[in-house]
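A.B. asks: Sequence:
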Amino acid sequence: MSLSGLDIGIIIAYIVGILGIGFYISKRASKDMQSYFLGGNTMKWYYLGLSNASGMFDVSGTMWTVMILFVYGLKSAWIPWLWPVWNQVFIFVFLAIWMRRSKVMTGAQWITFRFGDGKGAKLSHIIIVAFAIISVLGFIAYFFEGIGKLCTIILPWDLSFTIGEWAVSSERGYALLICLITTIYTVKGGMYSVVATEILQFIIMTISCFVIGYVAYTSVTGEQISAAIPPGWKDLTFGWTLDMDWSQTAFPAVNQKLETDGFSLFGALFMMMLFKGIFASIAGPVPSYDMQRVLAARTPSEAAKMSFTTIWVMYIPRYLMVAGFAVLALVYLVPEISGMGANMDFEQILPLAINKFVPNGFRGLLLAGLLAAFMGTFSAFVNSAPAYIVNDIYKKYINPNASDKKYVRMSIVSSILLVIAGIIFGFNAGSLNKLTLWITSALYGGYVAANFLKWVWWRFTGYGYFYGMLFGLIASTIKLFVFPEIVDIYVFPIIFAFSLAGCMIGTYMSPLPNREAVKNYYRETRPWGFWGPIKREVMAENPDFVPNQHAGRDWTNIVVGIAWQFSQVVIPIYFMIRENYYALGWSIVLLITTIILKKNWWDKLEESDVEPTYEKDRKEKLVKVG
1 MSLSGLDIGI
11 IIAYIVGILG
21 IGFYISKRAS
31 KDMQSYFLGG
41 NTMKWYYLGL
51 SNASGMFDVS
61 GTMWTVMILF
71 VYGLKSAWIP
81 WLWPVWNQVF
91 IFVFLAIWMR
101 RSKVMTGAQW
111 ITFRFGDGKG
121 AKLSHIIIVA
131 FAIISVLGFI
141 AYFFEGIGKL
151 CTIILPWDLS
161 FTIGEWAVSS
171 ERGYALLICL
181 ITTIYTVKGG
191 MYSVVATEIL
201 QFIIMTISCF
211 VIGYVAYTSV
221 TGEQISAAIP
231 PGWKDLTFGW
241 TLDMDWSQTA
251 FPAVNQKLET
261 DGFSLFGALF
271 MMMLFKGIFA
281 SIAGPVPSYD
291 MQRVLAARTP
301 SEAAKMSFTT
311 IWVMYIPRYL
321 MVAGFAVLAL
331 VYLVPEISGM
341 GANMDFEQIL
351 PLAINKFVPN
361 GFRGLLLAGL
371 LAAFMGTFSA
381 FVNSAPAYIV
391 NDIYKKYINP
401 NASDKKYVRM
411 SIVSSILLVI
421 AGIIFGFNAG
431 SLNKLTLWIT
441 SALYGGYVAA
451 NFLKWVWWRF
461 TGYGYFYGML
471 FGLIASTIKL
481 FVFPEIVDIY
491 VFPIIFAFSL
501 AGCMIGTYMS
511 PLPNREAVKN
521 YYRETRPWGF
531 WGPIKREVMA
541 ENPDFVPNQH
551 AGRDWTNIVV
561 GIAWQFSQVV
571 IPIYFMIREN
581 YYALGWSIVL
591 LITTIILKKN
601 WWDKLEESDV
611 EPTYEKDRKE
621 KLVKVG
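So for the sequence shown, full-length UniProt numbering puts the first residue at 1; every next one is plus one.
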């Protein structure tokens, strides 16, 4: 691709700018670990929300979303339920409030808050650290794979090189360079740097989204789109089977892609995604940047508002870009995509569209935006994972009395080592689609059971958590290496059952230890669920204690919130393909669900920050006794 001087200047200015931010605020970030990893719990919720949105707006995920919209049409709006994408709804409705009440720094530290400090709790603490590190390495490899593919097509320089007998392709050369730049500003500025740069990145990405939306909408007509797609492509509804045939279009090889993905039984896929989605969503966020943003919020209500903002500001701009690239590819990229033959690489749709349609000047802005999308997500993971190594291993077990400067230095070293390990994994990774499906379906399948039970069941123990996570990781690893040909989502129930068996075995291998720790967790977090014996004991000790009676309201808000989020996915797609009545109908859904959430959720948030009188009295007594 040929870039104008203006395009190159915009890209260079962006890179210099984010590096400058990282170095400028590095002194503030290196004060202590609380500042380095959580920004000292001083940042406003809307800053954290924009940062979180930027972190989720990754370039690899955008490439994958363009690909599935091209292939599956409107039904692709359901496929991200594999993650499930609406776990953010569960987080803003109630999980963010529960998490933030713990006042901890990491998900592993939260385990001690939940289960106490016995042997089972320590084993759980260790395994959640291991899971955090494994998942971060997987995501670094995922981002490494995506950014290399993108940059090779959209940037004009050849960055291939050879060291001895080791040849590095231009794709890997770009990935190495971008990862290096991102790592530098992340480790230098910590959480402050990540949030500040991600806000800048989000602004650039949003502008880029609307630019692409404008270019696509003015370049493609509804008639051209209809002529390029097979019957059923515009249908959001589905039956038991997919029933989509590309053989009579300009892209007959897409049928091979449909067969390879294994989603032809779409009704079964949907039920599996729904089954997984409910349990995975209640399990809460995995120990990564999303949980870090929640723990960094100033109050429980602001943690919830932060998660709400993540959805509110991200989905419509992102899907406007996704839909724009997809329709441009359908109408104008027939020679390029068909020329790939049987080896059609759908992950190249996005970079091919950029190469062909984005005008000079805007091209530099868009490339900066896509780099920002990659860097924002990558930096969020790089900043979050070292907290588990330093706070939950080094400080807890090796050197508990080190200085704050020592801990920050160890955090920087840990970040660099994790990036190196993730890149090595990325060099050996397969396609972006396979990485996506493994991370979302197999690896997270081993996380769900234990983390679902930890919120809602009083009898669940540290041993139960440890064996549930262990069995889940074993099952997901077996799936990866022994049965790689099976579509991951269909194996989820087996992995879930295997992990659930570990939970039960571990829980009932001994009586409930650390009963006081469980009671303290219940008092402070105030969750709903199956807490009968613990609730009765807490109420006997604190007659003023009022149990959480908002489960019904929370589940109502979850259903409304999923519809609210889903409307933001389909509105820009319907708009782009000129299905205006559907776009209007879903806009009405968006308006109605927004009003309901305002009255039934937002207006009631402040009560989550009020500490009960009995809890204040209890803490005052503990201070006096101490």
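Treat the hints as calculated values from the structure; they're not laboratory data.
Heads up, a few of these hints could be off.
Said to hold, decoys possible - What follows is a list of derived Cβ distance ranges for each label pair:
| hint | residue 1 | residue 2 | range |
| --- | --- | --- | --- |
| 1 | A540 | G585 | 33 to 41 Å |
| 2 | E541 | I478 | 19 to 27 Å |
| 3 | I12 | M504 | 51 to 59 Å |
| 4 | T594 | S264 | 16 to 24 Å |
| 5 | S219 | S264 | 43 to 51 Å |
| 6 | G9 | I588 | 30 to 38 Å |
| 7 | S510 | G20 | 17 to 25 Å |
| 8 | S510 | P400 | 43 to 51 Å |
| 9 | G532 | K44 | 34 to 42 Å |
| 10 | I163 | Y508 | 26 to 34 Å |
| 11 | Q248 | P493 | 34 to 42 Å |
| 12 | P400 | Y508 | 32 to 40 Å |
| 13 | Q248 | G9 | 25 to 33 Å |
| 14 | M509 | F427 | 35 to 43 Å |
Stated by the list, open to error - For lysine-lysine, the following BS3-like pairs were computed, each having C-alpha atoms within a straight-line distance of at most 27 Å:
| hint | residue 1 | residue 2 |
| --- | --- | --- |
| 15 | K234 | K257 |
| 16 | K119 | K599 |
| 17 | K103 | K122 |
Every residue gets a Cβ at the ideal spot worked out from N, C-alpha and C, and that includes glycine.
A.B. asks: Evaluate each hint against the coordinates.
C.D. replies: Consistency of the hints with the structure:
no., hint, verdict
1, A540 / G585: 33 to 41 Å, "53 Å, violated"
2, E541 / I478: 19 to 27 Å, "46 Å, violated"
3, I12 / M504: 51 to 59 Å, "57 Å, holds"
4, T594 / S264: 16 to 24 Å, "36 Å, violated"
5, S219 / S264: 43 to 51 Å, "33 Å, violated"
6, G9 / I588: 30 to 38 Å, "44 Å, violated"
7, S510 / G20: 17 to 25 Å, "55 Å, violated"
8, S510 / P400: 43 to 51 Å, "28 Å, violated"
9, G532 / K44: 34 to 42 Å, "39 Å, holds"
10, I163 / Y508: 26 to 34 Å, "55 Å, violated"
11, Q248 / P493: 34 to 42 Å, "36 Å, holds"
12, P400 / Y508: 32 to 40 Å, "33 Å, holds"
13, Q248 / G9: 25 to 33 Å, "46 Å, violated"
14, M509 / F427: 35 to 43 Å, "41 Å, holds"
15, K234 / K257, "18 Å, holds"
16, K119 / K599, "45 Å, violated"
17, K103 / K122, "19 Å, holds"
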